[in-house]
Structures are given as C-alpha cells and as structure tokens.
Amino acid sequence: DKKEFFKILHERHIGIENNIIAISDFQIHAITYNFLNEHFSVEMYQKVLLHECIHMLQLYFSKVPFKEHIWLYEATACYMSKQEININPSSVPEWSSICNNFYSCENCYFWAYEIGKYLFENHTNIQILEICKNPKMAEEIGKEIWQKIQTDTSHNPT
Numbered sequence: 198d199k200k201e202f203f204k205i206l207h208e209r210h211i212g213i214e215n216n217i218i219a220i221s222d223f224q225i226h227a228i229t230y231n232f233l234n235e236h237f238s239v240e241m242y243q244k245v246l247l248h249e250c251i252h253m254l255q256l257y258f259s260k261v262p263f264k265e266h267i268w269l270y271e272a273t274a275c276y277m278s279k280q281e282i283n284i285n286p287s288s289v290p291e292w293s294s295i296c297n298n299f300y301s302c303e304n305c306y307f308w309a310y311e312i313g314k315y316l317f318e319n320h321t322n323i324q325i326l327e328i329c330k331n332p333k334m335a336e337e338i339g340k341e342i343w344q345k346i347q348t349d350t351s352h353n354p355t
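Basically this note's numbering = 1-based index in the sequence shown + 197.
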C-alpha cells in the first residue's frame, strides 16, 4: 500500500519530492495505480513498471556496478521502456555530474533517455551486452556518447 511504499522510500533516504512512484531492488515496490490515476495515464504507469522490471534484470545480469554507473542503468531502462521526455533543457550537465550525482542533475531522466537513444541507435545488442559486462568499456562508451550529446545542437540551450 501507499504507506508501506513511502516507508521504503524513507528507509532508503529517497525524497518523495522526486515524484517517484516505483523503485526496484530485487523486487518491485510501486504505488498502486488507484492512488495515481489522477496524475498518470495507464500507459505512463505501465512504462514505469516496465522500467523497474528492466532494472531487476540489470541487477541480475549486469557486471557493471549500479552505484558507479547509474547513468547506464537509467539510460537502458528509460530507452527500453520508451519513457521519452519532450523538453528543451536550459543547460547540459557535465559528464562528471552525470556519473557522480546522476539523480541530482536537472532533468536526469531526460538525459538518461537521450543517452539510451544514442546507445541503442549506434550499437548492436551484442555490443550493448558487452558494455554491460565491462565497467571500463561502459565508462569509455558513456564518455563518447556524452560528447556527442554535448555537440548536438538540439541539446544546447539557445
């Protein structure tokens, strides 16, 4: 229930101001749709649940540590669950912020989707699996993708 969900968020030091409606570790914790139907469509809710299912698979199969590569986990989950966010960001964060303080970056899920988009459009599934097995490769590919995003004029504020 909703009370139990917020208790879990509190225990993990996750603020409710982030509009989090689901989290996963080795199981999914989510607010039931009955509490959210005024704010989320069924489609949006399904995408969030798929996003969390993807995280569960990542936790089981990836060799890349989550805490050190949150950007990769979120990029994969956002892109694969089709959680595209249409905004015009006012600024582009530095790669060090994406790596070290991902959730503190303004529009972090927008950037996660953009990274995922570049990753999946420019790498084969086999390459992506290799990236998920190799932390050093993940770092190198992440930097390359971020450089492309930074030079992409559609991401630069006008």
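Hints were generated in silico from the structure; no laboratory data involved.
Values in this document were obtained by computation on a predicted structure and should not be read as measured data.
Ideal placement from N, C-alpha and C gives every residue a C-beta, glycine not left out.
Treat the hints loosely; a few may be bogus.
[Unchecked claim] In silico DSSO-like links for lysine-lysine, alpha-carbon gap of 27 Å or less: (1) K314 x K244; (2) K330 x K314; (3) K345 x K260; (4) K340 x K264; (5) K260 x K279; (6) K244 x K260; (7) K345 x K279; (8) K340 x K330; (9) K333 x K264; (10) K345 x K330; (11) K330 x K264; (12) K244 x K264; (13) K279 x K330; (14) K340 x K314; (15) K340 x K260; (16) K333 x K345; (17) K244 x K330; (18) K314 x K264; (19) K345 x K314; (20) K260 x K330; (21) K345 x K264; (22) K279 x K340; (23) K279 x K314; (24) K279 x K264; (25) K279 x K244; (26) K314 x K333; (27) K333 x K260.
[Unchecked claim] Derived DEER-like restraints, expressed as beta-carbon distance ranges: (28) K279 x D349: 19 to 29 Å; (29) Q347 x I282: 11 to 21 Å; (30) E291 x M334: 34 to 44 Å; (31) D349 x Q224: 15 to 25 Å.
For each hint, the structure was consulted:
1. K314 x K244: With a Cα-Cα distance of about 16 Å, the restraint between K314 and K244 holds, given a limit of 27 Å.
2. K330 x K314: Given pair K330, K314 holds - Cα atoms ~19 Å apart, limit 27 Å.
3. K345 x K260: holds, 25 Å
4. K340 x K264: Roughly 17 Å separates the two Cα atoms, so the pair holds.
5. K260 x K279: holds, 24 Å
6. K244 x K260: holds, 25 Å
7. K345 x K279: Given that 27 Å is the threshold and the Cα spacing comes to 21 Å, the pair holds.
8. K340 x K330: With a Cα-Cα distance of about 17 Å, the restraint between K340 and K330 holds, given a limit of 27 Å.
9. K333 x K264: Roughly 14 Å between the alpha carbons, so the hint for K333 and K264 holds.
10. K345 x K330: Between K345 and K330 the Cα gap is close to 23 Å, so the pair holds against 27 Å.
11. K330 x K264: holds, 15 Å
12. K244 x K264: Measuring from Cα to Cα gives roughly 23 Å; hence the hint holds.
13. K279 x K330: Distance ~23 Å between K279 and K330 Cα, so the pair holds.
14. K340 x K314: holds, 14 Å
15. K340 x K260: Given that 27 Å is the threshold and the Cα spacing comes to 19 Å, the pair holds.
16. K333 x K345: holds, 19 Å
17. K244 x K330: Between K244 and K330 the Cα gap is close to 25 Å, so the pair holds against 27 Å.
18. K314 x K264: Distance ~21 Å between K314 and K264 Cα, so the pair holds.
19. K345 x K314: Given that 27 Å is the threshold and the Cα spacing comes to 12 Å, the pair holds.
20. K260 x K330: holds, 5 Å
21. K345 x K264: holds, 24 Å
22. K279 x K340: holds, 23 Å
23. K279 x K314: Holds - the C-alpha atoms of K314 and K279 are around 10 Å apart, at most 27 Å.
24. K279 x K264: holds, 23 Å
25. K279 x K244: holds, 7 Å
26. K314 x K333: Between K314 and K333 the Cα gap is close to 20 Å, so the pair holds against 27 Å.
27. K333 x K260: Status holds; Cα separation ~11 Å.
28. K279 x D349: 19 to 29 Å: holds, 20 Å
29. Q347 x I282: 11 to 21 Å: Given a distance of about 18 Å, which is inside 11 to 21 Å, the answer is holds.
30. E291 x M334: 34 to 44 Å: Taking Cβ atoms as reference, E291 and M334 lie about 21 Å apart, which means the hint is violated.
31. D349 x Q224: 15 to 25 Å: violated, 37 Å
Checked against the numbered hints given earlier, the structure breaks hints 30, 31 and satisfies all the rest.
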